[in-house]
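Student: Spelled out, the chains give:
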Amino acid sequence: MTTASPQRAALRAVRRPGDRIFSGTALGAGVVILLLLAAVAIFLITESLPAFTADPDEIGMLRGATFLEYVAPLVFGTLWAALLALIIAAPLAVGIALFISHFAPRRLAAVIGYVVDLLAALPSVVYGLWGATTFAPILQPFYVWLNENLGWIPLFEGPVSATGRTIATAALVLAVMILPIMTAICREVFLQAPRLHEEAALALGATRWEMIRMAVLPFARGGMVSAAMLALGRALGETMAVTMVLSASGVITFDLISSTNPTTIPANIALSFPEAYGEGVNVLIATGLILFIVTFAVNAIARYIVNRRAAFSGAN
Amino acid sequence: MSAVTQRANPLTAGRLPRWSNLAVLAASAAVFGVALGLTAAASGAAFPVPAFVIATVLGYLVLLVLLSRVVEGPRKAKDRLMRNLVVAAFLLALTPLISLIVTVVGRGAARFDIAFFTESMRNVTGEGGGVLHAVVGTLEITAAATLISVPIGLLTAIYLVEYGRGWLARAITFFVDVMTGIPSIVAGLFAFSLFLLLFGPGSRMGLSGAVALSILMIPVVVRSSEEMLKLVPRDLREASYALGVPKWRTILKVVIPTAIAGISTGVMLAIARVIGETAPLLITAGFTQSMNYDLTDGDMMSLPVFVYNSYISQGVDAQAYIDRAWAGALTLILIVMLLNLLARLVAKIFAPKLGR
Numbered sequence: 001m002t003t004a005s006p007q008r009a010a011l012r013a014v015r016r017p018g019d020r021i022f023s024g025t026a027l028g029a030g031v032v033i034l035l036l037l038a039a040v041a042i043f044l045i046t047e048s049l050p051a052f053t054a055d056p057d058e059i060g061m062l063r064g065a066t067f068l069e070y071v072a073p074l075v076f077g078t079l080w081a082a083l084l085a086l087i088i089a090a091p092l093a094v095g096i097a098l099f100i101s102h103f104a105p106r107r108l109a110a111v112i113g114y115v116v117d118l119l120a121a122l123p124s125v126v127y128g129l130w131g132a133t134t135f136a137p138i139l140q141p142f143y144v145w146l147n148e149n150l151g152w153i154p155l156f157e158g159p160v161s162a163t164g165r166t167i168a169t170a171a172l173v174l175a176v177m178i179l180p181i182m183t184a185i186c187r188e189v190f191l192q193a194p195r196l197h198e199e200a201a202l203a204l205g206a207t208r209w210e211m212i213r214m215a216v217l218p219f220a221r222g223g224m225v226s227a228a229m230l231a232l233g234r235a236l237g238e239t240m241a242v243t244m245v246l247s248a249s250g251v252i253t254f255d256l257i258s259s260t261n262p263t264t265i266p267a268n269i270a271l272s273f274p275e276a277y278g279e280g281v282n283v284l285i286a287t288g289l290i291l292f293i294v295t296f297a298v299n300a301i302a303r304y305i306v307n308r309r310a311a312f313s314g315a316n
Numbered sequence: 001m002s003a004v005t006q007r008a009n010p011l012t013a014g015r016l017p018r019w020s021n022l023a024v025l026a027a028s029a030a031v032f033g034v035a036l037g038l039t040a041a042a043s044g045a046a047f048p049v050p051a052f053v054i055a056t057v058l059g060y061l062v063l064l065v066l067l068s069r070v071v072e073g074p075r076k077a078k079d080r081l082m083r084n085l086v087v088a089a090f091l092l093a094l095t096p097l098i099s100l101i102v103t104v105v106g107r108g109a110a111r112f113d114i115a116f117f118t119e120s121m122r123n124v125t126g127e128g129g130g131v132l133h134a135v136v137g138t139l140e141i142t143a144a145a146t147l148i149s150v151p152i153g154l155l156t157a158i159y160l161v162e163y164g165r166g167w168l169a170r171a172i173t174f175f176v177d178v179m180t181g182i183p184s185i186v187a188g189l190f191a192f193s194l195f196l197l198l199f200g201p202g203s204r205m206g207l208s209g210a211v212a213l214s215i216l217m218i219p220v221v222v223r224s225s226e227e228m229l230k231l232v233p234r235d236l237r238e239a240s241y242a243l244g245v246p247k248w249r250t251i252l253k254v255v256i257p258t259a260i261a262g263i264s265t266g267v268m269l270a271i272a273r274v275i276g277e278t279a280p281l282l283i284t285a286g287f288t289q290s291m292n293y294d295l296t297d298g299d300m301m302s303l304p305v306f307v308y309n310s311y312i313s314q315g316v317d318a319q320a321y322i323d324r325a326w327a328g329a330l331t332l333i334l335i336v337m338l339l340n341l342l343a344r345l346v347a348k349i350f351a352p353k354l355g356r
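Chains as they are written, first to last, in full-length UniProt numbering: chain B, 1 to 316; chain V, 1 to 356.
Derived from the structure by calculation, the hints contain no laboratory data. Any given hint could turn out to be false.
Label pairs and their calculated CB-CB ranges [unchecked claim]:
#1 Asn149/B - Gly14/V: 40 to 46 Å
#2 Leu341/V - Ser272/B: 34 to 40 Å
#3 Val102/V - Trp145/B: 22 to 28 Å
#4 Ala41/B - Arg75/V: 51 to 57 Å
#5 Val251/B - Arg69/V: 20 to 26 Å
#6 Gly202/V - Ala39/B: 37 to 43 Å
#7 Thr39/V - Glu199/B: 20 to 26 Å
#8 Gly44/V - Val251/B: 38 to 44 Å
#9 Thr39/V - Leu191/B: 23 to 29 Å
#10 Gln319/V - Val251/B: 28 to 34 Å
The beta-carbon is built from N, C-alpha and C at its ideal position, and this holds for glycine as well.
Just chain B, with the same shape it has in the complex:
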């Protein structure tokens, strides 16, 4: 085929000006996104520098503590609340996703899928309002019971909060909020499990649960992990629900039901920002930067797992 290359050169499409302008605009939009993300990182870093460099005694917000002493309980609270929420939500989400994908009748599954999507779209401030005024009072007697019967476990040491607005309540509300996204991803992964493997398992006499354990869950492991990570990222950054539900005092404690609770970075920003002034604003932005880095890492790991998984998934 010696004539192939001159022919191809002759067939080369004409580059019209319209084409050039259009593809240039599209490329420009993509670059804008990159610039935007770079701007987010740069602005957060420049605005948070004064918090590290300024004299801690001159920043009213720190109340004499150094920046690290100020931020440590916040980081602890953020991780603690998100982790609790994940522990509560993960089994439930897998259960619901299995129910939708492998147990529920087709028509019911569609309705439930819609409800799950709707649940994901509900504004967080509504969850916060509901958590603080309805859910917390319902849980309070339960906390009293936990404290009376299981008080020897440090988690339930007390003294029990009178309002029920504890870190446990906040974690439960967070769990309700991250359930939909986790359920949605798990459902997608479960539905992708190779149908032939499932039918082979059933044909060999496996019960439905054995089929799920042998054919579906091993296939979906990567997807489930990444769903959990994405949900964790969402729980880490969730602001309003925690702000409204938690009666925070910013301490480090593992006690789930007491009236003194650790608070989270986003909740602290939302509560303190309207009154912040001077370098106090920079301190809050610096905590935001830390939150950004943590969620960035969590999401990047999740995406990495998904992408690695995608290369091997399917029947190839």
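Starting from the structure of chain B, add chain V where the hints point.
Tutor: Quick look at chain V alone, frame taken from chain B:
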């Protein structure tokens, strides 16, 4: 095998009958109902409903598994246990949703009247007042955010699907994924610092909120538009090229019209996602009690911030503030549901008819 002497139907022998689930549940409820009722009556306390529900469910599971183990064997028993646990997980997750909807509708109805949507909170300290200023603010800020995000998002999606090759496209895909995970409050902090640098301190305004919301909205628009553009069959594009249509006109006249239903659905869902965002608006747009139609001038109230603010800083007549917060929450939920329904309707009605 002594199949001759076997009396029962060999196909159904060794299985629990279909009604056994209900029967076991009823038995468990009866046992614990009587037991807890007697203890409650003995101590003079009210009937403990939560304890009754938990005990009944646990009793049901244990009893059913034991029964199944004896009759059907351990494998079937495990299958039954897992099946019931999955259903239980589903029901358990449904409870908060129902409680949430019932509470919001029940308590929001108190102030869900005409005055609520025709008045602002200016000079209101006790009862009365409304959310007109917040509704106007939410609509304007969300509209501005949509105007910023949709062109950028859609063009990026076009780039990724039609043009993007190599490392730049991969980088954009990766960073769009990263952007999806940006906490909303961080987006707010970014917009705040940006406007702080541009306009100096104390520059809270609606536009700043719109920028914050676009950070959250752009990745959603890119993702959904990308999916929709990928669904457009290759044949359509090639048919257009074969007729000598330039690539950009092919995209504008063939690809986008084919995918427009899906794209608008995605945009509506993105709007529904950001319209309820509170934290970034709290930081960037601030709050006010008065009407403000100008995106570039001064604090601007929005519906989510109104709900938050009414709850956090309750005034003299606390009940009036709480009532307004619930009515605001009800309004928000209705808007979000409406957007969701509309998006689904658009997707259904204007879906391209690809089949014959």
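Student: Given the hint of 20 to 26 Å, is the C-beta distance from valine 251/B to arginine 69/V inside that range or not?
Tutor: Violated, at about 48 Å.
Student: Confirm or reject the claim that threonine 39/V and leucine 191/B have a C-beta distance inside 23 to 29 Å.
Tutor: Violated: the Cβ-Cβ distance is about 47 Å, outside 23 to 29 Å.
Student: Take a look at whether the Cβ-Cβ distance between glycine 44/V and valine 251/B falls inside 38 to 44 Å.
Tutor: 39 Å, holds
Student: Assuming the hint says 20 to 26 Å, is it satisfied by the Cβ distance from threonine 39/V to glutamate 199/B or not?
Tutor: Given a distance of about 51 Å, which is not inside 20 to 26 Å, the answer is violated.
Student: If you check the beta carbons of valine 102/V and tryptophan 145/B, does the distance land in 22 to 28 Å?
Tutor: 25 Å, holds
Student: Taking 40 to 46 Å as the stated bounds, is the beta-carbon spacing between asparagine 149/B and glycine 14/V within them?
Tutor: Given about 41 Å between the Cβ atoms, the range holds.
Student: Taking the beta carbons of alanine 41/B and arginine 75/V, is their distance inside 51 to 57 Å?
Tutor: Since the Cβ atoms of alanine 41/B and arginine 75/V sit about 54 Å apart, the hinted range of 51 to 57 Å holds.
Student: Starting from the range 34 to 40 Å, see whether the pair leucine 341/V and serine 272/B falls in it by beta-carbon distance.
Tutor: 38 Å, holds
Student: So does glutamine 319/V sit 28 to 34 Å from valine 251/B, Cβ to Cβ?
Tutor: 32 Å, holds
Student: Just to be sure I understand the hint, the distance between the Cβ atoms of glycine 202/V and alanine 39/B should be within 37 to 43 Å; is that true here?
Tutor: 21 Å, violated
The structure fails to meet hints 5, 6, 7 and 9 from the earlier list, while all remaining hints are met.
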